[in-house]
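The sequence shown runs 417 to 568 under our numbering.
In case anyone wonders, no lab produced these hints; they're calculated from the structure. Please read these numbers as outputs of a predicted model, since none were measured by experiment. Honestly, I wouldn't trust all of these hints.
List of simulated lysine to aspartate or glutamate pairs, DMTMM-like, C-alpha gap at most 25 Å [stated by the list, open to error]:
#  : residue 1 : residue 2
1  : Lys515    : Glu437
2  : Lys558    : Asp502
3  : Lys558    : Asp548
4  : Lys539    : Asp502
5  : Lys515    : Asp491
6  : Lys515    : Glu543
7  : Lys515    : Asp553
8  : Lys515    : Glu440
9  : Lys492    : Asp548
10 : Lys558    : Glu543
11 : Lys515    : Asp450
12 : Lys558    : Glu440
13 : Lys492    : Asp502
14 : Lys539    : Glu447
15 : Lys515    : Glu447
16 : Lys558    : Glu447
17 : Lys539    : Glu440
18 : Lys515    : Asp502
19 : Lys539    : Glu437
20 : Lys539    : Asp450
21 : Lys558    : Asp491
22 : Lys515    : Asp548
23 : Lys492    : Asp450
24 : Lys558    : Glu437
Simulated restraints on C-beta separations [what the hints assert, rightly or not]:
#  : residue 1 : residue 2 : range
25 : Lys492    : Ala443    : 25 to 31 Å
26 : Gly499    : Ile448    : 30 to 36 Å
27 : Ala507    : Pro454    : 19 to 25 Å
28 : Asp491    : Leu422    : 32 to 38 Å
29 : Leu422    : Ser544    : 14 to 20 Å
Beta carbons are placed, not taken as given, at the ideal position from N, Cα and C, and that holds for glycine.
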Amino acid sequence: MAQYLLTWILVADSARARIFEWSEPSAPLTEITDLTNPQGRLKEQALSSDRPGVASSAHGSNSGHPMQASHSGHDKSESVFAGQIDATLVAALDAGRYKQLMLFAAPHFLGSLRSQLTPRVAKTVVESNPLDLTREDVSAIKSRLPALKAVL
Numbered sequence: 417m418a419q420y421l422l423t424w425i426l427v428a429d430s431a432r433a434r435i436f437e438w439s440e441p442s443a444p445l446t447e448i449t450d451l452t453n454p455q456g457r458l459k460e461q462a463l464s465s466d467r468p469g470v471a472s473s474a475h476g477s478n479s480g481h482p483m484q485a486s487h488s489g490h491d492k493s494e495s496v497f498a499g500q501i502d503a504t505l506v507a508a509l510d511a512g513r514y515k516q517l518m519l520f521a522a523p524h525f526l527g528s529l530r531s532q533l534t535p536r537v538a539k540t541v542v543e544s545n546p547l548d549l550t551r552e553d554v555s556a557i558k559s560r561l562p563a564l565k566a567v568l
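Please put together the full structure from these sequences, using the hints given.
As structure tokens, this is what we get:
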């Protein structure tokens, strides 16, 4: 009988991350945790405290042009949430709770998530797809998963 690596499946977008455990092809997915980022669903205006400042001209007048914010409120919120997801994954990896990781994240969030993964967690990623499955039921998520890899 083949042995399979204990696998976690992360299904995420900028507002929600669900983590499932999967131990063998015939086994059901078991939801481990459901993390939320309430700011992920807010409009940009609600995340920004005020308008950008105005750059003054070289002569000191205030007739300059509006400054652009270097990062939007959504970018910051996504980055913080992706960091929180990584912290959860690091703690679980340290505890030996999974050996490999599959990522399914909304296209706009997948880049933020990848940039926040620590190298140790990134090494466990065996599958990465730009799909938002956060609102799907467990059977729909499982139907999207590739085959588990057996331990040789």
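Here is how each hint holds up against the structure:
A distance of roughly 11 Å separates the Cα atoms of Lys515 and Glu437; the hinted pair therefore holds under the 25 Å criterion. For the suggested pair Lys558 and Asp502, the alpha carbons sit about 22 Å apart, so the restraint of at most 25 Å is met. For the given pair, Lys558 sits about 13 Å from Asp548 by alpha-carbon distance, which is consistent with the 25 Å threshold. Between Lys539 and Asp502 the alpha-carbon distance is near 13 Å, which keeps this suggested pair within the 25 Å criterion.
For the suggested pair Lys515 and Asp491, the alpha carbons sit about 30 Å apart, so the restraint of at most 25 Å is broken. Proposed proximity of Lys515 and Glu543 is supported: the alpha carbons are some 13 Å apart, at most 25 Å. For the hint pairing Lys515 with Asp553, the CA-to-CA distance comes to about 24 Å; that is within 25 Å, so the pair holds. Restraint check for Lys515 and Glu440: satisfied, since their Cα atoms lie roughly 13 Å apart, inside the 25 Å limit.
This hinted pair checks out: Lys492 and Asp548 have alpha carbons roughly 20 Å apart, not beyond 25 Å. For the hint linking Lys558 to Glu543, the alpha-carbon distance of about 14 Å falls within 25 Å, and the restraint holds. The suggested pairing of Lys515 with Asp450 holds, with an alpha-carbon distance near 20 Å, which does not exceed 25 Å. Between Lys558 and Glu440, the direct Cα distance comes to roughly 12 Å. Compliance with the 25 Å bound is thereby established for this hinted pair.
A distance of roughly 15 Å separates the Cα atoms of Lys492 and Asp502; the hinted pair therefore holds under the 25 Å criterion. A hinted pair counts as satisfied when its Cα atoms are at most 25 Å apart, and Lys539 with Glu447 qualifies at roughly 22 Å. With a CA separation close to 16 Å, the supplied pair Lys515 and Glu447 stays within the 25 Å bound. Annotation: proposed proximity of Lys558 to Glu447 holds, straight-line Cα distance about 12 Å (limit 25 Å).
Using a Cα cut-off of 25 Å, the hinted pair Lys539 and Glu440 holds, with the two alpha carbons roughly 21 Å apart. With a C-alpha separation of about 15 Å, the suggested pairing of Lys515 with Asp502 holds against the 25 Å cut-off. A distance of roughly 18 Å separates the Cα atoms of Lys539 and Glu437; the hinted pair therefore holds under the 25 Å criterion. Of the supplied pair hints, the one linking Lys539 and Asp450 holds, its CA atoms being roughly 23 Å apart against a limit of 25 Å.
Restraint check for Lys558 and Asp491: the C-alpha separation of about 30 Å exceeds 25 Å, so the hint is violated. Of the supplied pair hints, the one linking Lys515 and Asp548 holds, its CA atoms being roughly 23 Å apart against a limit of 25 Å. Pair hint Lys492 plus Asp450 holds up; C-alpha atoms about 21 Å apart against a cutoff of 25 Å. Under the criterion of a C-alpha separation no larger than 25 Å, the hint pairing Lys558 with Glu437 is consistent with the structure, at around 11 Å.
Taking the beta carbon of each, Lys492 and Ala443 are about 38 Å apart, not inside 25 to 31 Å as hinted. Hint check: Gly499 to Ile448, Cβ distance near 19 Å, so the stated range 30 to 36 Å is violated. Between Ala507 and Pro454 the Cβ separation comes to about 22 Å, which falls inside the hinted range of 19 to 25 Å. The supplied range of 32 to 38 Å is met by Asp491 and Leu422, whose beta-carbon atoms lie about 33 Å from each other.
The hinted window of 14 to 20 Å between Leu422 and Ser544 holds, with their beta carbons roughly 18 Å apart.
This entry does not satisfy hints 5, 21, 25 and 26, going by the numbered hints stated previously.
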